[in-house]
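J.: Spelled out, the chains give:
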Amino acid sequence: MNDFLAMGGYGAYVWGSYAVFFVVLAIEALAPRATRRRVLTELRGRLRRREQRNEPSA
Amino acid sequence: MNALTLWFHKTGSPPTAYRLAGRIMPWCYGLGLVLGLVALYGGLVLAPRDYQQGDAYRIIFIHVPCAWMGLFAYFFMAANAFIALVWRIKLSEVLAMAAAPVGAAFTFITLVTGSLWGKPMWGTWWTWDARLTSELVLLFLYLGVIGLHAAIEDRRQAARAAGFLALIGVVNIPIVHFSVNWWNTLHQGSTVRLMGPSKIDGSMIWPLLLMALATHVWFFGSVLARTRIGLLELDGGKDWVRAIALGETEARA
Numbered sequence: 001m002n003d004f005l006a007m008g009g010y011g012a013y014v015w016g017s018y019a020v021f022f023v024v025l026a027i028e029a030l031a032p033r034a035t036r037r038r039v040l041t042e043l044r045g046r047l048r049r050r051e052q053r054n055e056p057s058a
Numbered sequence: 001m002n003a004l005t006l007w008f009h010k011t012g013s014p015p016t017a018y019r020l021a022g023r024i025m026p027w028c029y030g031l032g033l034v035l036g037l038v039a040l041y042g043g044l045v046l047a048p049r050d051y052q053q054g055d056a057y058r059i060i061f062i063h064v065p066c067a068w069m070g071l072f073a074y075f076f077m078a079a080n081a082f083i084a085l086v087w088r089i090k091l092s093e094v095l096a097m098a099a100a101p102v103g104a105a106f107t108f109i110t111l112v113t114g115s116l117w118g119k120p121m122w123g124t125w126w127t128w129d130a131r132l133t134s135e136l137v138l139l140f141l142y143l144g145v146i147g148l149h150a151a152i153e154d155r156r157q158a159a160r161a162a163g164f165l166a167l168i169g170v171v172n173i174p175i176v177h178f179s180v181n182w183w184n185t186l187h188q189g190s191t192v193r194l195m196g197p198s199k200i201d202g203s204m205i206w207p208l209l210l211m212a213l214a215t216h217v218w219f220f221g222s223v224l225a226r227t228r229i230g231l232l233e234l235d236g237g238k239d240w241v242r243a244i245a246l247g248e249t250e251a252r253a
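Those protein sequence lines, which keep their order, are chains A and B. So in UniProt numbering the end of the first sequence lands on 58, straight run, no missing numbers. So in UniProt numbering the end of the second sequence lands on 253, straight run, no missing numbers.
One thing to keep in mind: the hints can contain errors.
EDC-like, lysine to aspartate or glutamate: derived pairs with alpha carbons at most 20 Å apart [what the hints assert, rightly or not]:
1. Lys90/B x Glu233/B
2. Lys238/B x Asp3/A
3. Lys238/B x Asp129/B
4. Lys90/B x Asp154/B
5. Lys238/B x Glu51/A
These are calculated hints, taken from the structure and not from any lab test.
Input sequences plus hints: build the corresponding full structure.
T.: This is the structure:
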């Protein structure tokens with residue numbers, strides 16, 4: 001196991017690369033979820049404002 | 001209209017595309033994850049040590065697939081930008097802009113892992129070599145497209161302007177690909193080749209190709225996730241979006 005982690009002395013480079021790979025792809029996959037929530041909240045706000053504007057005249 | 005154009009228009013209409021993307025997306029992410037993990041096991045555990053580079057070469061299993069993805073994503077973005085500019089198809093505008101951040105992520109990983117590989121093998125983190133420089137230009141092109149798209153308020157105008165920039169940037173793609181042949185670079189030439197035999201052993205090539213497949217599938221999952229958001233923004237005033245925003249239909253997934 002220690003041999004595996006050491007990667008023949010290149011452990012820091014190899015595991016560093018894999019860490020970057022996983023972290024960047026995780027952020028990349030989670031980002032749309034946050035954007036989606038923000039877009040839907042914005043849309044709801046816009047719809048509510050439009051309804052309020054329409055109510056007094058109706 | 002014949003059956004094919006009819007099908008095309010129906011599938012390309014935002015609500016249908018939104019629903020279809022939502023159905024395919026989780027499969028892409030899931031398949032990408034499973035294939036990627038198998039490829040990692042093959043690359044990190046099963047594949048033998050390299051006779052020259054020792055274990056440092058194992059960075060290849062993510063570096064090369066991500067580099068391919070950077071180019072593939074650009075091609076995908078530019079092709080959709082072209083369709084969007086010529087035929088004004090909304091879905092293509094959204095697809096093109098959805099590909100930009102994913103391509104940028106893969107290009108960023110390529111640069112960083114390349115740097116981490118270059119330090120022990122070349123003795124330097126960075127050098128202004130043709131391959132490295134053109135890859136950096138690729139990242140800047142992605143960032144330019146993303147920035148331009150974000151800077152213009154009108155979603156359709158933004159997609160058109162950013163798509164135009166993406167098309168101009170296509171000149172960089174052959175430069176990235178052929179840089180190792182055109183110039184005498186520090187970066188090595190192609191290891192895996194379509195024409196002629198690859199310069200890599202079978203025990204090392206299958207994890208590499210499997211990881212390439214995994215990143216492609218993952219790419220489509222991510223593009224679809226972003227496409228769905230782009231469609232919601234584009235059709236903000238329409239009834240189908242209203243229904244999703246207010247939770248009248250299942251807004252999840």
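J.: Next step is simple, just say for each hint if it's right about the structure.
T.: Here is what the structure says about each hint:
1. Lys90/B x Glu233/B: holds (12 Å)
2. Lys238/B x Asp3/A: Violated - the C-alpha atoms of Asp3/A and Lys238/B are around 59 Å apart, more than 20 Å.
3. Lys238/B x Asp129/B: At roughly 50 Å apart (the allowed maximum being 20 Å), Asp129/B and Lys238/B break the hint.
4. Lys90/B x Asp154/B: holds (13 Å)
5. Lys238/B x Glu51/A: holds (15 Å)
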